Amino acid sequence: MSRTHVNCVINGDEIDFLTSDGESLLNALRDEVGLTGTKEGCGTGDCGACSVLLDGALVCSCLVFAPEAEGSTIVTVEGLADGDHLNTLQQTFLEGAALQCGVCTPGFLIAAQALLDKNPDPTETEVRYALAGNLCRCTGYDKIVRSVLDAATQMRETTGA
Amino acid sequence: MSIADDPATDAPGYKWVGSRPIRPDGFDKVTGRAKFGADHYLPGMLEGHTVRSPHAHARIVSIDTSAAERVPGVKAVVTGADFPAVEGDAMARNVPHNSIARDKVLYEGHLVAAVAATSREAAKAGAEAVVVEYEVLPHVLTAAEATAEGAPLLHDDMITNGIDPAPEQPSNIYQRNILARGDLDKGFADADVVVEREFITKPVHQGYIEPQACVADTTPDGHTTLWVSSQGHFAMRDFSAQVLGWDITRVKAIAAEIGGGFGGKTVTYLEPIAIKLSAKAGRPVKMVMTRAEVLKATGPTSGSRMRVKMGARGDGKFTAAEIVLEFEAGGYPGSPVMPAAMTCLAPYDLENFSVEGFDIVVNKPRSAAYRAPGGPISSFAVESVVDMVAEELGMDPIDLRLTNAAVEGTQAPYGPKLPRIGMVETLEAVRDHPHYSAQLGPNQGRGVATGFWFNAGMNSSVVVHVNPDGTATVVTGSPDIGGSRASMALFAAEELGIDMELIRPVVADTETVGFNDVTGGSRVTHATGAAVVEACRLIVADLRARAAKTWDVDIDEVEWVDGQAQKTDGSEAPLSLKDIAGKWDRSGGPISAAFTHNARGAGPAFSTQVCDVEVDPDTGVVTVVRYTTAQDAGRAIHPSYVEGQFQGGVVQGIGWALNEEYVYGDDGRLQNASFLDYRIPVTSDMPMIDTILVEVPNPAHPYGVRGVGEVGIVPPLAAVANAVYQATGKRFTELPINPIRILEATMGE
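Sequence lines, in order, name chains A and B. Sequential numbering from 1 applies to the first sequence in our numbering. Sequential numbering from 1001 applies to the second sequence in our numbering.
No lab work stands behind these hints: they were computed from the structure. A couple of the hints might just be wrong.
What the hints assert, rightly or not - Computed footprint of chain B on chain A; a stretch qualifies when at least three of its residues, placed anywhere within it, have a C-beta under 8 Å from a C-beta of chain B: (1) 38 to 52; (2) 73 to 79; (3) 90 to 103; (4) 127 to 135.
What the hints assert, rightly or not - Some residues of chain A that are not near chain B, with every Cβ distance over 12 Å (derived): (5) Thr-4; (6) Val-9; (7) Gly-12; (8) Glu-14; (9) Ile-15; (10) Asp-16; (11) Phe-17; (12) Gly-56; (13) Phe-65; (14) Glu-68; (15) Leu-116; (16) Lys-118; (17) Pro-120; (18) Thr-153; (19) Glu-157; (20) Thr-159.
Source: prediction; values computed, not measured. Beta carbons: idealized from backbone N, C-alpha and C, even for Gly.
When you get a sec, could you build the whole thing from the sequences and use the hints?
Next up, the structure:
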């Protein structure tokens, strides 16, 4: 079976991998690159557990063909922390108990990051709609929304915005 | 050993219990490091793919795997013929035949064969090359169809249990149970108001985000290592051994992190299949379900048809209740009709009642436990009728419930006298909350409902090791589904008197720690937690003995305070846990204690909830605009995760009330097997869920824990329905209350 050679930047590192043309970016990240923090909950773009930032855009990596990643810059959940220094969202998720089982958490963190990158001062309603593509069955969303709002506040205070 | 002779429940003053530290597994779970079921990879690992029935009901005439075995990359194919035959009735066939069909398939999605190959594509191609010849049979999808005269039978040897004399002819009813007390006729004769209604609910799925997944690595000598995402790796080990006909020692199960379960991951599906594929191929095999497989072949909880009749005097006192519950079990018996019957009247002190339950097989997926199994279904019916009684009497619905509330000493409908419970406290908490008296807007309505759940105790085994640097390792076998590692560490910190940071809680494999029942029944913080407490107390006794030995005094002269041994007269410098551990070779060697616990005395839990909805008269969309839940936790060990359990249960219940259902076509096939079409609540659907933590300590637990996971999902179905009634004037007795039903009911007005 012929395989396609893909070069991209993932979490700041230049990465290359081989993939089949019909393979999803999600499977390539997990099986070929070894980044299993990105999860599959449905494989049809309905649950958001596989969310990644592809050239800054929030995408479901299960709906992206792996060869489409050629030349792109990708951020996965593994790229959010700086070594052992968690980013603000990761920290507020932990302090706010915004996860129970934790399997949806990588997708929520990525989607929340995408929101705050664009809108540093979202309302509760804006947070709720920005995260509506991510399913969580454990928390009822309350603590997730609060943690995102807390992170936004802390990030604005840090940047003086 | 006895637990909790000294319930420290009245004057806590705890340092750690009740605080809100960051969970020990938190870093891994926000950085993508945590390994869930599908995240395990082994060299040479094969990928599995399944062959499932496209028919709701059919006889398997033949299965030809020869073409599949010739597909390049295919290394093994298994069918039912690879597993031992099963003796016994439909209940005995439940686990083995649901794992892989033998002579018949009983629902669309029933597993028929499986293939392991060197890639996903090859495994899929292999599965498509398996040729199954079916003789399609007529199917039944509901309790009504299954019990109709001349209905096709799923199991031709099924004679209904619980009827005397036993029926001569087989049927689709596996069991009838009845709970009854008092005199129904007298009770209804005493009533000033009698309300009777029929209710219908559909199957709904647990909806965990992580599909079932496992990796099995079977060696040529017939032993296997199983990495599995489940609510209990001991259960996965034991069920797998049962299906394979193996000794339990041949299966070592390692708990992956679990991405949600809600009861649905307490039984095996893929595990014995992956083990057998690995045995045949001689290589590790990974199997991961698709979302469609999850919806078609795992979970759901029962659909139902119910009739509830209740009577009350003019002063509100209930006089009688007569209830019939018909639950769809799916292809094999075992619906939660019994707990549904036991729980639905448990909030109330009632003299005369009869609750009759039927466990009925239908051509739908075999039902699995779902958070307070059965409770939400029967409580939807009863709490709706209670709301109607309140309206007929012109009484406030909380006052009506207070009039009838079960208290300590009330004889529960399921038998025992209730111990100290918090039913009244949850009702009063909601009544006194500002939400209950807040002004409603146009098209809005407010509903209340209450609910009961037993909570479980069951079996747990733990080991606590003290390390020479003064840290401690707490080893349990209870998968951490929502923060239980944090609770275990908090208990240990409290008991040992050292910082929680110094405690490492781990979930060990089935060869490393003693047996643990599943993480379910709201039992882990209660039962495994109590075992951790008791093991730590053994450690403290050992540490005191070692200090006494060092000081050459009687142990009674040594007390354990703030993580150090102190001589009661203060004549010696205290010895810390670290001091003693660092020199353990001088005082008897390593410091370790195991505790095995058969937990009795789980504390019954109650929850009372108030819901405000707004109904859009044009679209029929119901929006929950405000929600408050009061639940008795007994004692909240980590309050943030307790609140999270309250909130999560409520939102699952709201989804059940308003939107979730299994939709079947006439062909017996599931029409909405995706998260697009089986739509669970999303962030933008929900308001904040306000929580009121009621703490009426459970006298049977050293810290008063009751367990908090389940009861929160019991009241929302009726709370929402009662709110919709107030908003629309229409009583909805069939779930879900979706826009179609709303518009059908309100059209033309």
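Outcome of the hint check:
With a threshold of 8 Å between beta carbons, the proposed coverage of the stretch 38 to 52 of chain A by chain B holds, since 10 of its residues qualify and at least three are required. Evaluation of the coverage hint for the stretch 73 to 79 of chain A: fulfilled, as 3 residues show C-beta separations to chain B shorter than 8 Å, against a requirement of three. Under the rule that three or more residues need a Cβ within less than 8 Å of chain B, the assignment of the stretch 90 to 103 of chain A holds, with 11 such residues. Counting residues of the stretch 127 to 135 of chain A whose C-beta lies closer than 8 Å to any C-beta of chain B gives 8; at least three are required, and the coverage claim holds.
Against the 12 Å criterion, Thr-4 of chain A stays outside the reach of chain B, whose nearest CB is about 15 Å from its own CB. With a closest Cβ-Cβ approach of about 17 Å to chain B, Val-9 of chain A is found to remain outside the 12 Å limit, as its non-interface label requires. Remark: the non-interface label on Gly-12 of chain A is consistent with the geometry, its nearest Cβ contact in chain B lying 15 Å away (cut-off 12 Å). Here Glu-14 of chain A stays apart from chain B, with its beta-carbon at least about 20 Å from theirs, past the 12 Å limit.
Every CB of chain B is more than 12 Å from the CB of Ile-15 of chain A (nearest about 15 Å), matching its label as outside the interface. With 12 Å as the threshold on Cβ separation, the claim that Asp-16 of chain A sits away from chain B holds: the shortest Cβ distance comes to roughly 19 Å. Every beta carbon of chain B lies more than 12 Å from that of Phe-17 of chain A, the smallest distance being close to 15 Å; the non-interface claim holds. For Gly-56 of chain A, the requirement that its beta carbon stay farther than 12 Å from each beta carbon of chain B is met, with the minimum near 19 Å.
Distance to chain B confirms Phe-65 of chain A as a non-interface residue, since its nearest Cβ pair spans about 15 Å, more than 12 Å. Listed as outside the interface, Glu-68 of chain A is consistent with that label: its C-beta sits roughly 19 Å from the nearest C-beta of chain B, beyond the 12 Å cut-off. Against the 12 Å criterion, Leu-116 of chain A stays outside the reach of chain B, whose nearest CB is about 15 Å from its own CB. No Cβ of chain B approaches the Cβ of Lys-118 of chain A within 12 Å, the least distance being about 17 Å, so the stated non-interface status holds.
The beta carbon of Pro-120 of chain A sits about 19 Å from the closest Cβ of chain B, which is more than 12 Å, so the claim that it is off the interface holds. For Thr-153 of chain A, the requirement that its beta carbon stay farther than 12 Å from each beta carbon of chain B is met, with the minimum near 17 Å. The Cβ of Glu-157 of chain A sits about 21 Å from the closest Cβ of chain B, beyond the 12 Å cut-off, so the non-interface label holds. Remark: the non-interface label on Thr-159 of chain A is consistent with the geometry, its nearest Cβ contact in chain B lying 21 Å away (cut-off 12 Å).
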